[in-house]
Amino acid sequence: MARYILQRLGQSLILLWLVTLIGFLLLHLTPGGPLSQFANTPGMSDEDLRRLAAQLGLDRPLPVQYLDWIGGLLSGDWGRSYRDNAPVLAVIGSRIGATFQLMGTATLIAVLVGGTAGIIGAVRRYSLFDQMVTIGTMIALSIPTFWFGLVVIYLFSVELGWLPPGNIGPVGNASLLVFLHHLIGPSMVLGLVTTALWSRFMRSSMLDALSQDYVRTARAKGLPERMVIGTHVLRNALLPMITIAGLELPTLLGGALVTETVFTWPGMGRLFLDSIEYRDYPVVMGMLIFAAVLVILGSLIADVLHTVADPRVRLR
Amino acid sequence: MPICNDHDAAIATIVDRNRHLLLPRRGLLGLAAAAGMGARAKAQTAAQPRERRGQIIMGLSQEPTRFHPLQARIEVDEGVHLNIYSALWGVDAKGDLVPDLVAELPSVDNGGLSADGLQWRIKLRPGVTWHDGAPFTAEDVKYTLELLQNPDFPAASRNGHALVRDITVHGPTELSWRMESFFAPYFAILAWTFIVPRHVLSRLPDFRDPAFTNNPIGTGPFKWGERRPGDYIRLDAYERYHGEGPFVERVIFKYIPDMTVLKTQFVAGAVDAVGIAGITPDNYAEVERRRGLVLHKSPTAFVTFFALNNGLPQFQDAAVRKALYLGLDRDTINRDLFYGANRPTESYLPQENWAYNPNLPKHQYNPDGAARMLEEAGWRRGRDGVRARNGVRLEFSTSTVAGNHLREQVQQFLQQSWEPLGVKMTIQNFPAAVMWGDFFRLSQFNTTIVGSIYPIASDPDVSDRLGSWAIPARSGAGANAIQYANPEVDRLLRESVGLVDREARKRNYWKVQEIVRGDLPFFTLHQQIQAEGTKANLVGYEANVNYRTNAWNLSKWYWRA
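Protein sequences appear in the order of chains A and B.
So that you can map any letter, position 96 of the first sequence is 96 in this note's numbering, and since no number is skipped, the others follow by simple counting.
For this note's numbering, count along the second sequence from 1 and bump the result up by 316.
Any given hint could be a false lead.
To be verified - Which residues of chain A face chain B? A few of them, derived with a C-beta cut under 7 Å, are: (1) Leu52; (2) Ser157; (3) Leu160.
Bear in mind the hints are in silico, worked out from the structure with no lab data behind them.
Glycine is no exception: its CB is placed at the ideal position from the N, C-alpha and C atoms.
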């Protein structure tokens, strides 16, 4: 197992290097740059902009800029944001908490509600409950998140006044209850879509497991249905869910752009959009590396967990 | 420094020629507004509360992220700067300069300015302190002006500052300097130049050290509270502020990136005021319907242009430019596409500017006249219906920021309006970072729809925008991306920055506007009106076109009891 993990990590280094190279080239070869936002600022002339570009090192040849950046990365210096004039890691660190809180809650809702609905729907296939869940998930997957978020704000904040209309919390009030109150709206909106997805995944996986010979055998042995479902079906149905959960890791920390925007939640999704918009190269590259690391780690963790859940799988 | 050597030489000649204009009289240079302002300030104070109360949450659709006031910034950053820092003087809503860190505005009358405008002697207000308690002195002003000239410092602009020489401190509240040549816009430039603390910044040799920008220290009405990136910035009232106010305990700039969400949060009561970029015209009715909310439709200095790249052969012929303008149904564009929210104009200057010329010929929509004009100028239709002359086809592209729906609709409307005239226009839009990069700066576009502020603070000098020496694609300097060149305009612009007499400058700038209106290097669509909102019991909002943000006077805002 340890050898396998080391092997995978070694391969990952090559993959990461390729990600940095392609990302850096694509980003810098795209027309426009971080100073374009000042092109129309009164009093700033072309020579001011060229002077600033030189001070940021943007006038150097691209290979020199890349080598400089990757050298910094290897020594733990991820660069400095052009917008915030702060270290990239600090910029990412300032947003990751908010994203994790929102995505974690939404995923928890999805796993609990969606997972349960998927299990019941599969066990009671074609029942009224199953049909209602199927219709509900189709509706949830079809509703645009942006629109649904605004509806939630209008209904529960503007009209009923039950929920705050967004934000992570009022300034200066960091109590847990207030935070949870603010978390309800966005996690409900985000959770709806992920719940629908998880319920579909879980239902399919359960149905697949239910049709296996070992389930028929278990029933033929006279095992109570609760044991058949709990021990034989659910455990096997969870195997593909582990892979899905592993691949969810980047999403969990990568942010949800639309929900974060509607509910003014200061997370990673918005940071990425703002950084792209302002061509904040160091932050975009930092987030790219971060996302690549999460994808690699997520799939590695999923593989390892697979061996735990399924004794038939051996990693070599 | 965007002024080239021959420009400086011209200024020196002009100043020399106009020495007789440097008469010591009130109103010279437009600096005598202080008395009137004092009266206005007193009238306001009467209604203002005696103690600070509450907080203001101002929603912004862009995030302020740059807090060094001398480095590159966008308009939303200036809202924070204006409340943390102070300049030597400011500009009020009428365009008059008003003292801030100075005890009095320098003038020939009070000996603050020599008759030729070259020697400046500044008397500072005593008793001003930085937010960390250190005294503010003339050394801070000297440090600031010298920092702007430091080649290693990433200054946003050195326009005007590069002319300053021999800065001498005569005591804690007095300093003097000499100008290499008189530069009239420098008064306005100083109104946009915030003074920074020497005792803090001189200890940070690395100009990129974030120690200062993470915890900015100024002399303004509010001191730095905290920043939660991507969420908000909190400024707290500064108890020892040297001016009026502040009348609230804190101000919170809340970042809400989407304008629909910003409006929704305003309607829902989560924000007390909507600042940049305001409320979109399609939402005016909804906000106006809500009790307890006030919609302020305020003029800005932004003018929306359909700008031509005047370096292209098809736009060299004045008949083409005039015909395109005749064939442009501006009333319909403004009424039906922009919801009638903006103010039609013929000038590049906002109508509130003291040099705005109200007598420019009004635009008329006359497509038949446009077709006739092109025909008479020898532009003949080809087989495909597109006109051409001497091998030059009347065909060009137009570009703006992709996703700006209003401007995209204008493009489609113009495309259809000009097609019957034998003009082929294609649409080629880009993301903002591409559009306003080299593509615009280095005049790689054909035509564009752009909103720009031409004056600097309240000064009408537009040398950087319309001077032929300021075309970046040719000289690597300036901001004249439309490649406009007219020798008479050049002459007037060069002359005007050296004139001390405001009336003489005004006459010149009126003439410049007349020539530009005749030449039509761009078609002015409208002066932008921005709709911002406040809660009805929040008092103090005042639009000021001389700043890029109406958060300029938050120190005077208060909650009605």
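Tell me the numbers of any earlier hints that the structure contravenes, in ascending order. 3
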